[in-house]
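Sequences and hints are given; from them, build the entire structure.
Chains as they are written, first to last, in our numbering: chain S, 86 to 426; chain D, 36 to 335.
Possibly wrong hints are sitting among the right ones.
[As the list claims (entries may be wrong)] DMTMM-like mimics (lysine to aspartate or glutamate), calculated; alpha carbons at most 20 Å apart, straight line:
| no. | chain 1 | residue 1 | chain 2 | residue 2 |
| --- | --- | --- | --- | --- |
| 1 | S | Lys370 | S | Glu279 |
| 2 | S | Lys136 | D | Glu230 |
| 3 | S | Lys370 | S | Asp281 |
| 4 | S | Lys186 | S | Asp175 |
| 5 | S | Lys199 | S | Asp273 |
| 6 | S | Lys370 | S | Asp175 |
| 7 | S | Lys136 | D | Asp98 |
| 8 | S | Lys136 | D | Glu227 |
| 9 | S | Lys199 | S | Glu279 |
Simulated from the structure, these hints should not be mistaken for lab results.
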Amino acid sequence: MTGSKQALAQPASSADAAPGSQPGAARGAHGRGAPAGADSWRSRLYRWDMKASPYAFIAPFFILFGAFSLVPLLYTAWYSLHDVQLSSLDRQTWAGLDNYKNLWASDFFWTALKNTFTIGVISTVPQLLAALGLAHLLNYRLRGSTVWRVVMLTPYATSVAAATLVFTLLYSWDGGMVNWILHFFGVDPVNWRESDWGSQFAVSSIVIWRWTGYNALIYLAAMQAIPTDLYESAALDGANRWQQFRHVTIPQLRPTILFTVVVSTIGATQLFGEPLLFGGVSGSKGGSEHQYQTLGLYMYDQGWIIGNLGKASAIAWSMFLILVIVAVINMLFTRRLRKSQ
Amino acid sequence: MTTSELTLPRGAGTERRGRGRRRVMGAGKQLHAGPVTYVVLTVFALVSLAPLVWTAVAASRTDRRLAETPPPLWFGGNLFTNLQSAWDEAGLGTAMVNSVIVAGTITVSTVVFATLAGFAFAKLRFRFSGLLLLLTIGTMMIPPQLAVVPLYLWMSDLGWSNQLQTVVLPSLVTAFGTFFMRQYLVQALPTELIEAARVDGASSLRVVWHVVFPAARPAMAVLGLLTFVFAWNDFLWPIIALNQQNPTVQVALNSLGTGYVPDQAVIMAGALLGTLPLLVAFLLFGKQIVGGIMQGAIKG
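Okay, structure coming up:
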């Protein structure tokens, strides 16, 4: 506050001083003498600039963000209450809650919800555990530490589409690399695309591959911010390295872990590209038995393959509601954590 | 005294101080890595890199060879034929040009607008600033699925389907970018510097140009890299808005993968081509990208 006030006051006083003869009078001298008028016009412009510029600076962001993110959010809700078909876009009739009733009566919706949850868990839990371990290793003093970090991040440079195409080939039934490696351990070829758990595992492994390094860097950043004296006093108390990790590192990382859990949960809820491309030609169905159709994929299938955009909107809003519930649970959890500390 | 004279020494000073602090903090705690650490890290590194290397191996083979057991472990002689097919037949050539235009535009606009808004949130006082910042952070978590139906309907109304502006427009700003710049400028831009420029009678635009942009430059570069990666890899909206007539890289890869007569060697060549620009970027700016992600993490 004081900063901007000072900044306001000082040019005004220099403008006062400029006419020379009567300091202080210039302030009320709008439009009297030509030089004084010019100065006060300038200081008024200046004041206007100070007041308006913050709004001018945030305007482009909020106009674009509002128009293409917030307004569509509301319109999606509106369309979810209408019958909107891809084949006849200009005919949109009021449907009340029909889309939602229709959705909740559909087995595919519940299958997709269940798949989203299962794939979410088997992709997030191992990924974050591996990231935690990896971050711990990267936190040692290493030769070429930057190179290690960049290497761990390269999967993040690979797009969902490229990564999935490669993994789909690695997981192919005959001639696939994964089955070939497994046969050395006496495992019969697994039909990764058709089996229930196999396909869900395969889809999850793409997510794990792409995001473990990224999350490790986030944990690493948080580890480096832990004050050294905590470790020193733990060492004085006779804690070994593992005990230090458990009783110093993990508690100190708790907010960061919570943050990554939330972000990964959001990512898992909207999982879409991996199952779509893993399925090949009929990808939007998520397999012959819909065994890996996620909510995001179900929405795309209903909206752009089947052509029911009203129902797709209802699926999108269901996803949103799930995320709101997750956010509320997370908030309560954080608050309880804070209280208990 | 001009503002740029003021900026340089101070900016350099804070940077030096920051680097020194990090070194001291690490020194007490960091233990030297033992051989086991290096072995485990090597395994992680192999898992990270192997699928990419194998993409190149598969792209140098033929479709028939890829269906045989054991899978090829070394390069064959078909790399250039496959790259050519991906470039011409699968439209990767057009797609690369389109992706550069799309991701480039999105990057420039995100960085500029995020810096302006981030500066306002970090250093200026205005009504509802707290509330608006909270709104920005809160909406970072909304999935893209919540926007695509209305966007699709509007773009079809405008007759814009299959044109590049349909993918550019909705991505011109991100909440993450604004928050990222705000967090950086709060600590990296000394308030006295703005005041000094104000005393000299600089208008807000001059302050932004001569004080804010120079101070924000490192963060702008990092945000630019992260945004480019994000825009290049964006998938859901582009495959709805565009088709194979005028694709981005991800749209072209999607058509390749869902085609009826897939040639796996050409698909791998396409995946390789589509990833190559980002791999080059990581090779050149990996350090900055890693730094940006770690920086965003501490404050985020």
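How the hints compare with the structure:
Proximity of S/Lys370 to S/Glu279 is assessed by CA-CA distance (about 12 Å); at most 20 Å being required, the pair is judged to hold. A C-alpha spacing of about 15 Å is found between S/Lys136 and D/Glu230, which places the hinted pair at or below 20 Å, so the restraint holds. In summary, the hint linking S/Lys370 to S/Asp281 is supported, as the alpha carbons are separated by about 14 Å, within the 20 Å threshold. Proximity of S/Lys186 to S/Asp175 is assessed by CA-CA distance (about 24 Å); at most 20 Å being required, the pair is judged violated.
About 28 Å separates the Cα atoms of S/Lys199 and S/Asp273, which puts this hinted pair outside 20 Å; it is violated. Taken as a hint, the S/Lys370 and S/Asp175 pair is broken in the structure, with Cα atoms around 27 Å apart against an allowance of 20 Å. About 65 Å separates the Cα atoms of S/Lys136 and D/Asp98, which puts this hinted pair outside 20 Å; it is violated. Distance check on the hinted pair: S/Lys136 and D/Glu227 sit about 19 Å apart at the alpha-carbon level, within 20 Å; holds.
For the hint pairing S/Lys199 with S/Glu279, the CA-to-CA distance comes to about 17 Å; that is within 20 Å, so the pair holds.
When held up to the earlier numbered hints, the structure conflicts with 4, 5, 6, 7 and fits the remainder.
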